[in-house]
Amino acid sequence: MAPTSALSGADGQIRAAGVQGTFHADRRVVSEAVLLIDGREAEPIAHAAAGPGRSRFTSLARWLGDVQPDPVVRVDRLREIRAYGMAEEITITSTATMPVAMTVAMRVNCDLAAIETVKSGYDAEPVTPVGGELTWTSGGTTVAMTGEGAEVRGRELRWEVALEAGGTMTLCWRVMVTDPAAVVAAPAGPVEWSPLKVAAADRRIPALLAQSLDDLAGLRLTETGHPGDTFLGAGVPWFLTVFGRDSLWAARMLLPLGTDLARGTLRVLARRQGVRHDPLTGEAPGKIMHELRRGEFVVPVNGLRLPAAYYGTIDATPLWISLLHDAWRWGLPDGEVEALLPAMEAALSWLATDADPDGDGFLEYIDTSGRGLANQGWKDSGDSVRFHDGRLAEPPIALAEVQGYAYEAAVKGAALLDAFGRPGADVWRAYAAAMATRFRERFWVEGGYPALALDRDKRPVDALTSNIGHLLGTGILNHEESARVASFLASPEMAAGFGLRTMSSADKGFSPLSYHCGSVWPHDTAIVIAGLARDGFGAEAAVLAEGLLAAAEPFENRLPELLSGDARDAVGRPVPYPASCRPQAWSAAAAVVITHAALGLHPDVPGGTVELRPMTGAPLGALSADGFVVAGTPVSVSVDAAGAGEIDRLPGRFKAVTAG
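Okay, so the sequence shown: first residue is 2 according to the working numbering, each after it adds one.
Misleading hints may appear alongside valid ones.
What the hints assert, rightly or not - Derived SDA-like pairs (lysine to any residue); straight-line CA-CA distance at most 20 Å:
1. K198 to I648
2. K120 to C582
3. K459 to G573
4. K656 to G618
Stated by the list, open to error - Across the chosen pairs, the derived CB separations fall in these ranges:
5. G425 to D649: 26 to 34 Å
6. T610 to A484: 23 to 31 Å
7. P493 to A50: 29 to 37 Å
8. P555 to T104: 37 to 45 Å
9. R175 to P493: 49 to 57 Å
Read the hints as simulated data drawn from the structure, not as lab findings. Since the structure is predicted, the reported quantities are computational estimates derived from the model, not experimental observations. No residue lacks a Cβ here, since even glycine has one placed at the ideal position from N, Cα and C.
Whenever a hint applies, use it, and build me the whole structure from the sequences.
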């Protein structure tokens, strides 16, 4: 449970190699935890999730007990991740006809390595335990490992176990972390969203939702010193902290389940909103932060040196504005919205000033520090912005989807200004109209789709990518343009795998295992599904939703950060991407997006209406959801096999509107 997570092998062993370990708030607090019985490792036979933050690993000690074909000594290891550490119960069960004796040992170690050191594959400097106890301390962080009834021998917790015939014994050991310098903490209360009960003709949807909501519960965080504002950490284990873009998208995707998470996310980021110009951090007045760490984040292999509070993002600021508006439409109380309007006005100002340094009317970025992120959209790897022929685009870069985000933010910001009697709405509506005109003139390429970006020389970067799918639902495209984009996104070059490829297989830069040039990101696919459904392209949305649902089962319904973009008919099963975060907040939230897109519930709480716009023809089959929340009230929504929708328990002050 955030801010703690664990990575182990399928056998449950945490080995002193690679990226395995237990992590807490950007530090590895357990670098080894290997269970030994009589000095040997038991034979692993099964592993499974056992609820939020819990996993079970089963193995056999075949050398113990009666000599017979069937194993008689079983070992079940139940691991529970807690906000400030980890606990394990090791249950040893014998069905032997004779007494069984054994020595059980847990070999442990701690290196307190920084998360970026582990991710980069570097060896951490060893940390020596304090005294004769299994306690380590460094940089203000203290880690203590204890076992009930265990003897400490070197770096082992050891138990002498004697079982009678048919006997059982449970051993317990724990990891406790004291970390006053952490910038994030665990929330104290229950989850911020409504329980969601779903019935579906497609059995994969409820299964994916159940696991996804469990995973999201384990990713909840608060900023240290502000326990009342919950947000979602981006992913396990690398990104369990405040991430502007990731946390904003995850909160937006979960709006159908309530506005409390959105409120917390908006408030956390508003507190850190930029107030000055700083080229090293990327801070600028009104700008929303990218990420927050306990200290400088250094990756020597590529020269990356990010300050603790880093603002190198081009899209978090417009996304913050749109989340505030959408939360208001779902029922965030007026008083809470009004308190955030000064931050919104500052964010709007950033769109037309520092976000557009050359004054050409487009939002663009360049890392002037030489040590930050070269690309500052959601595809933030250094090679993600490529032409069709594979060449890298030179910065400054103006990304297609970011112009759509800015258009949407201006329109929605204007609506909030009008609603709360504040000046400037007409200015931002004019800004949006001019943005749409400029975009139409400059971004469309000869192939008939929007470019990925404009480069330093204002040339369209003509690769066909998933970025253009983010334009859907923003309003920057007209219906004809949206239809053309939808057809490209559903083409075999983009949608032949388990979701939407980040880049078309026809582009020279395409590689199915590239981080951003051919892989599939579930959150990216989900955002596009929502846009397609919103703009009336249910069949195309269903093609992409089917891809994600097909990917989910092989991943035990825990969709990873990303997966390979291989064609489904070539590989049969999704190919994992190495070192992918799992669970990942916006990947888990994709399950809610699929459900919501199919049902099409769109409230306007300030206007007193709730529109129901299911996907045309119910392409995902009959579906019902009990637990969507409108203005704090749970409602039930359903669509039958013929595509007819219905809302139950809608409060009487709202008028239900059926799209037509």
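Okay, the hints, checked on the actual structure:
1. K198 to I648: Holds, at roughly 15 Å.
2. K120 to C582: holds (11 Å)
3. K459 to G573: Roughly 41 Å between the alpha carbons, so the hint for K459 and G573 is violated.
4. K656 to G618: Since the Cα atoms of K656 and G618 sit roughly 24 Å apart, the hinted pair is violated (cutoff 20 Å).
5. G425 to D649: 26 to 34 Å: violated (40 Å)
6. T610 to A484: 23 to 31 Å: Holds - the Cβ-Cβ distance for T610 and A484, about 27 Å, lies within 23 to 31 Å.
7. P493 to A50: 29 to 37 Å: holds (34 Å)
8. P555 to T104: 37 to 45 Å: holds (39 Å)
9. R175 to P493: 49 to 57 Å: Given a distance of about 52 Å, which is inside 49 to 57 Å, the answer is holds.
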